[in-house]
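Q: For reference, the chains in residue letters:
Number of protein chains: 2
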Amino acid sequence: MAKKYVYLFSEGNGSMRELLGGKGANLAEMTNLGMPVPQGFTVTTEACTRYYQDGRQIAPEIQDQIYEYLGRMEQICGKKFADPENPLLVSVRSGARASMPGMMDTILNLGLNDTVVEGLAKFTGNPRFAYDSYRRFIQMFSDVVMELSKKRFEEIIDEVKAQKGVENDIDLDTGDMKELVRRFKDFYQKEKGEPFPQEPRAQLMEAVQAVFRSWDNPRANVYRRMNEIPYEWGTAVNVQAMVFGNAGGRSGTGVAFTRNPATGEKALFGEYLINAQGEDVVAGVRTPSPISHLREEMPEVYDQFAAIAGRLEQHYRDMQDMEFTIENGTLYMLQTRNGKRTAAAALKIAVDLVDEGMIDEREAVLRVDPKQLDALLHPQFDSDALKKAKPIGSGLAASPGAACGRVVFTAEDAKAWHERGEKVVLVRLETSPEDIEGMQVSQGILTVRGGMTSHAAVVARGMGTCCVSGCGEIAVDYENRKFTLAGKDYREGDWISLDGSTGNIYAGPIPTVPADPSSGDFGRFMGWADQYRQMEVYTNADTPRDARQGRAFGAQGIGLCRTEHMFFDGERIKAMREMIVSETTEERRKALDKLLPYQQGDFEGIYEAMEGRPVVIRFLDPPLHEFLPTKEEDIRELAADMGVTEERLHAVIDSLHEFNPMMGHRGCRLAVSFPEIAEMQTTAVIRAALAVQGRHPEWTLVPEIMIPLVGEVKELKYVKDVVTSTADRLLREAGSPMKYEVGTMIEVPRAALTADEIAREADFFSFGTNDLTQMTFGFSRDDAGKFLTYYYDKKIYEADPFAHLDQKGVGRLVEMAVQLGKGANPALHLGICGEHGGDPTSVEFCHRVGLDYVSCSPYRVPIARLAAAQAAIKNPRN
Amino acid sequence: MAKKYVYLFSEGNGSMRELLGGKGANLAEMTNLGMPVPQGFTVTTEACTRYYQDGRQIAPEIQDQIYEYLGRMEQICGKKFADPENPLLVSVRSGARASMPGMMDTILNLGLNDTVVEGLAKFTGNPRFAYDSYRRFIQMFSDVVMELSKKRFEEIIDEVKAQKGVENDIDLDTGDMKELVRRFKDFYQKEKGEPFPQEPRAQLMEAVQAVFRSWDNPRANVYRRMNEIPYEWGTAVNVQAMVFGNAGGRSGTGVAFTRNPATGEKALFGEYLINAQGEDVVAGVRTPSPISHLREEMPEVYDQFAAIAGRLEQHYRDMQDMEFTIENGTLYMLQTRNGKRTAAAALKIAVDLVDEGMIDEREAVLRVDPKQLDALLHPQFDSDALKKAKPIGSGLAASPGAACGRVVFTAEDAKAWHERGEKVVLVRLETSPEDIEGMQVSQGILTVRGGMTSHAAVVARGMGTCCVSGCGEIAVDYENRKFTLAGKDYREGDWISLDGSTGNIYAGPIPTVPADPSSGDFGRFMGWADQYRQMEVYTNADTPRDARQGRAFGAQGIGLCRTEHMFFDGERIKAMREMIVSETTEERRKALDKLLPYQQGDFEGIYEAMEGRPVVIRFLDPPLHEFLPTKEEDIRELAADMGVTEERLHAVIDSLHEFNPMMGHRGCRLAVSFPEIAEMQTTAVIRAALAVQGRHPEWTLVPEIMIPLVGEVKELKYVKDVVTSTADRLLREAGSPMKYEVGTMIEVPRAALTADEIAREADFFSFGTNDLTQMTFGFSRDDAGKFLTYYYDKKIYEADPFAHLDQKGVGRLVEMAVQLGKGANPALHLGICGEHGGDPTSVEFCHRVGLDYVSCSPYRVPIARLAAAQAAIKNPRN
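As you go down the protein sequences, you meet chains A and B in turn. The first sequence lines up with residues 1 to 878 when you count with this note's numbering. The second sequence lines up with residues 1 to 878 when you count with this note's numbering.
Derived by calculation from the structure, the hints in this document are not laboratory data. Just so it is clear, the structure is predicted and the values come from calculations on it, not from any experiment. Glycine is no exception: its CB is placed at the ideal position from the N, C-alpha and C atoms. Mixed in with the good hints, there may be bad ones.
Partial chain B-side listing against chain A, Cβ under 7 Å, derived [said to hold, decoys possible]:
1) Tyr-67
2) Thr-174
3) Lys-178
4) Arg-182
5) Arg-183
6) Leu-396
7) Glu-715
8) Pro-749
9) Thr-754
10) Met-775
11) Asp-782
12) Leu-788
13) Tyr-790
14) Tyr-792
15) Ile-796
16) Arg-812
Label pairs and their computed distance ranges (CB to CB) [to be verified]:
17) A:Thr-630 - B:Leu-596: 19 to 25 Å
18) A:Lys-266 - B:Thr-584: 54 to 60 Å
19) B:Thr-584 - A:Thr-502: 27 to 33 Å
20) B:Thr-645 - A:Ala-262: 50 to 56 Å
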């Protein structure tokens, strides 16, 4: 039996999203509910997949089925397709499993041609309506199917209106419509070298094909990548009998939500236009009326619609987004779906639905997209002010939120201006670890180079600071303290605004409104999430400030406290550099002794901030050359400063040069080479813990020390021995019964492959999935940008493996490590501290493979809490 | 029951090597065979391991056992340890599982002190002998156990001889010996601040401990690393009753082999010294006599020894290396072991033993260490000439063989001088791909920088050219065409000689003798190996020359033909650079069209050379920046040459800059970005194959195309589609029924982890274990040198994972990929083409996991053949 590629609406139902797409499934569901839906059929997503398999052709058997179902539709409707006597016209719409902007949307009035339009005019007795429908069809078909410029059609309408001296489409009469049809067809003929297609069945097949084709257009591809929608899914096509909102004064079309999608307020919300077709509402040719007016204008229709809306919300147990058309006073439903909503609305609706008894708490927790929460945690632009602003350029939306401040070009200036009370935006070619302090006091950060995972982006996300990165169109002139963008200069002190959620850059200040994440709904909702989740959520924090921020967002501990950023500040970097330039162990120890009190102080601050909660401190990780200057003048200055010759300093810098620093002398390799570094760091941790424990006897501090980049158990064992012998001595001397733990990052493939051996020497594993991803794929984050665009274009990768954990490859290693590790050491605890720890799909994976906690930057903590809850509800562990 | 740490010789046997070490097991075996062995006991290797576990202390229970067995030995010998009346003296020797130079060897005459020596004099009636023994003991104990300088003792002997006016030790009388004892003890007291130890039991324990300690000395560690001996094994200690070769004219000591260890000739071979102890033979204080003289001097002893030697060879079925002592006309055997031998001797002995019916062919194949074969494949220095030469310096023994030629400093000069008939040695700071041709015509290559895996080293090994790399003491002055080493200048045109097997550098020419790998024994022996092995052995070859060399050494195909080296030559590099600088696909295609005929020609040459055997051609792999110049002047010149602006060229170079080129835009990522490269390469392969097939209808060419650096099946699929559509079109146009295959390297961890998916798109896998090792360990070969020394020092890694495949980590990935790959595609064939393909232990691993072939550089082919045969004999596949 031939495969079924086409379903009547009455043959489907709401559970068939995969096959029929969201729109098709919901049309079928409404049909089954007995609602007034113009009948039609859905061409399945499998037909789309087949279309691509067949080299972008619709196979004859599928064409046959489409025509067969067209016949059945004619029977149901009692009209014949393209029959001048009583013509059946159809709309053709795309409908993927998930709603997807960027794809072809709609063609209305298909089936019209020069003959049928006449028949329609006669049959309806409304020639203006017939020709209006025809000109709309030509316009849409030319634009969407034949890819002619939409703009020219609009110009033609404007020309006709101008000649006539009217302002609104509605003021054009039948003659004008005919004129439009004539001019449209002429334009089509000129552009395409052939007349506008007159054969309705051919029009239909072209339209279906155009929907399939639009699945693969660039905007759709970008949207899919951003939203993790697989390319393989394909789209369905819905062919539906036309009903006409443009049939006169008792006709109209509109869209409405069962609740307010911006605020969540429970009330019908939406708008409609009399005597119009769908695209008029969107195009804004006339200002639509609020849905409440319909109550006065057509009370029965309004009541019927309100009743249907209520029924649909009850049925789907969620806020619905509906399209409807009124044809001569009769209501038709064209679409319903769960409505998109703002984060605030999502929370309110979820909480309200629980209070209304429509869903339970678990269901509510599942209803909010964790990624949406982000918007509630960062300042945003005042939306009215934003509407008026025009971006002067854009870069990558590297870290969300809105920023508005005065331009400075160095981290030092940022600090200085900040100290005198100025709000600043730091503009740099790129940032480096030395800029941290300046970044911390900036409202926002704008860089010319670097991607979503550049230093600026990663650090800004960690801080919750707005950042737009990689705006290559900017030319920075540090010397003259200005930058040029789109031909205009912006000087130090000029106000600019950044939108880190869109990547847009604005000249001048745009007022921002602060986030209010502690609102009642938020608190209640997150409480439910915390109740259901089974993983703990920690934060990555290097400073007391970050630690407090993480706690404010609900972090239960620190999963990654990096120790290297602490070394960049003032006196510390000096001692650090002394350490690096040391030729003997004694010299190195002397320099380390200078660093010890700073480091101890930092740790004390962090322990205080976390009030006895777990803190995992990672030992020194980056290659040492990162602490040395690269510019000739800086080297000269530093040499003088340190009292060594320039030659000596150059020799050190040269000797530290690496071909592939990612895979060089870093991580625990530093501690293996120079165990005195690990000794100093251990001393700082233990002394800090003892001091804070002394001040707070009510807490029970258990320092956790994490050794990075381990690939071999003996490597861990060696460094661990240094740690334990130092720690044990200090604790003995202090007469303290304090316990401590030593664990390791799993971030080198070999560590995952030999995790059983490593687990025997480790108290915990923390998956460093950033590096693990780099090494498993064999590409460097810093370099991959150059070729990943080709990979996206060619559908080789659909998602950025640094944003979403690659479950097939990297995830396999994680699973192996979990199984081997737990097998060898059942007491082992397991976490993740890569950036994936704040990504919802990755968090779900972590739950599934059995991790005990995820750790992410403070601003991602609420996201991780919610994602962990959703994972636990979907896949409860026993 | 307490663990047994000590065994009498009579309690052990030859199979107990692991516990008793080689020497101990063989002493036990000889004891069991009823041979005259002075009795004693062995302290086990487990005691050594325990010594290190206990923090370098001999546990009391082990000490107790040692003293207990000393007592049992006294009973057997009928003497008492350190009893002045009839003293038992002992020797203490190390004895690991494998014979290991670099460890403490021997202490003789232990048990003597100021009292016992008098008793010995009285008991033997030979005071000269007694004091000779005592002074020897002081000397050895001070040197080996107490680490005093040996040299000073020799000076004291020379002083006494000078005072006395004699030349030989043998001319010193009792008084002189007493004087030596006195002076030795004075020196000891002065250095150590305490008298020479007089307590024999303490001496014994000190000596045992010194043996254990010597297991961890630097020389032993280096030797173990080179020979893949695990640190965990530990050494045993043998304590044996002394017999005295220095007891007078009817006494003596010697070493002998059952066959000549240099040639393999079947005849007792060795030497002995009358009235001497063991170390005299080695030290060369007197010239020993050949063993044949013993036949005249002491015929019964000789006959007895010859009979024992014959019996031992029969018993062990291998050539024996024996130590013996004659005490007053009585023969004692002190050691036997399988004798070390040259490669030539190893072959001859193996073949002879088969012919003598002593072993079968399989056993013979197992008898030769594959690594030894190397020596038979490269020219060697004339051994007499070499003896007279003194090295002027040394570097790393990067590629074996001997070279002698005149110094040149550039690859161009090497070519030019070679063309006028000069033999040259190329001296460079380091080499780069552009130097290939110059390297090819050089006798040897000497570099200042770079390790065992530097460009120079890798390429030289591939070519079979001698190379000494990383000689940091050399200062090269390119401008004045000279280099300085150890204070002396060597100018262009000066003769130097290099030994690539030792790393030594010599001034002046040393004559070399060519290798003769086709000798009768070699051919016969390799025939047996080929008969038993179950894997095929291919060679890595980029040129017809390499291909022919590989075939001459028995390669059955080419497992890796890299295509990038072909692009560096003359016109080609120009077209290559044009391709890189192209801004559009058309420009790129134009440049590629220029490369096509060269590439096709190269492939034709290789197909011709291989006469129809398999050839796996790998597509372009390195990042494109490797083809562009880096120096400002070269960039200027190239820009002019290409007719582009310097700015444009700079922009291209900048845009190609990578932070981690290892993990950058290379491998199949190039073909994904620029599929036209893969198209051109496919065209070249298929056209070449068609042309050669046309000329040789008797062959059946099946081109094999290998896509590098795949990490995701869709990546392979994309490039494969480019290849197949191009190839299918060409074959269709040619009307040829030729088959071809498309496979991939497995060199990225993710490829191994997703090998099932990849296998469904691949005809074959070739494991690229160089890159796979880098990514699995997360370290770059180019950078690892900096920290690996710390790792070796600290016993974290005992072997270089780039030399020997890391079976635990990388090997695990290989096994996974084999299982997943074969599971998904049973027809998949599997090979390896990393450098590990020529390493015997790695080859054994490849056999075990089920690979179909290994591929290695031509000069390693015989090694791989033998290693594969040994693997198959040890672990036959069914």
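Q: Quick check on a hinted range of 27 to 33 Å for B:Thr-584 and A:Thr-502, using CB atoms only.
A: Check passed, 32 Å falls within 27 to 33 Å.
Q: Under the criterion of a CB-CB separation shorter than 7 Å, is B:Leu-788 in contact with chain A as hinted?
A: violated (9 Å)
Q: Can you verify the interface hint for B:Glu-715: is its Cβ closer than 7 Å to any Cβ in chain A?
A: Since chain A brings a Cβ to about 5 Å from B:Glu-715, closer than 7 Å, the hint holds.
Q: Hold the hint about B:Tyr-67 up to the distance rule: shortest CB distance to chain A must be less than 7 Å.
A: violated (33 Å)
Q: Take a look at whether the Cβ-Cβ distance between B:Thr-645 and A:Ala-262 falls inside 50 to 56 Å.
A: holds (54 Å)
Q: Given B:Pro-749 as an interface hint, is its Cβ closer than 7 Å to any Cβ of chain A?
A: holds (4 Å)
Q: Against chain A, is B:Arg-182 within 7 Å by beta-carbon distance?
A: Status violated, d = 42 Å.
Q: Double-check B:Asp-782 for me: the hint is only fine if its C-beta lies closer than 7 Å to a C-beta in chain A.
A: holds (4 Å)
Q: Honestly, do A:Lys-266 and B:Thr-584 meet the 54 to 60 Å range at C-beta?
A: Between A:Lys-266 and B:Thr-584, where Cβ atoms are some 58 Å apart, the hint holds.
Q: Let's test the interface hint: is any C-beta of chain A closer than 7 Å to that of B:Arg-812?
A: Holds. Min distance 5 Å.
Q: Using Cβ atoms only, decide whether B:Leu-396 comes closer than 7 Å to chain A, and label the hint accordingly.
A: violated (18 Å)
Q: Does B:Thr-754 hold up as a contact with chain A if the rule is Cβ-Cβ below 7 Å?
A: Nearest chain A Cβ about 6 Å off; hint holds.
Comparing the model with each earlier hint shows violations of hints 1, 2, 3, 4, 5, 6, 12, 14 and 17; every other hint is respected.
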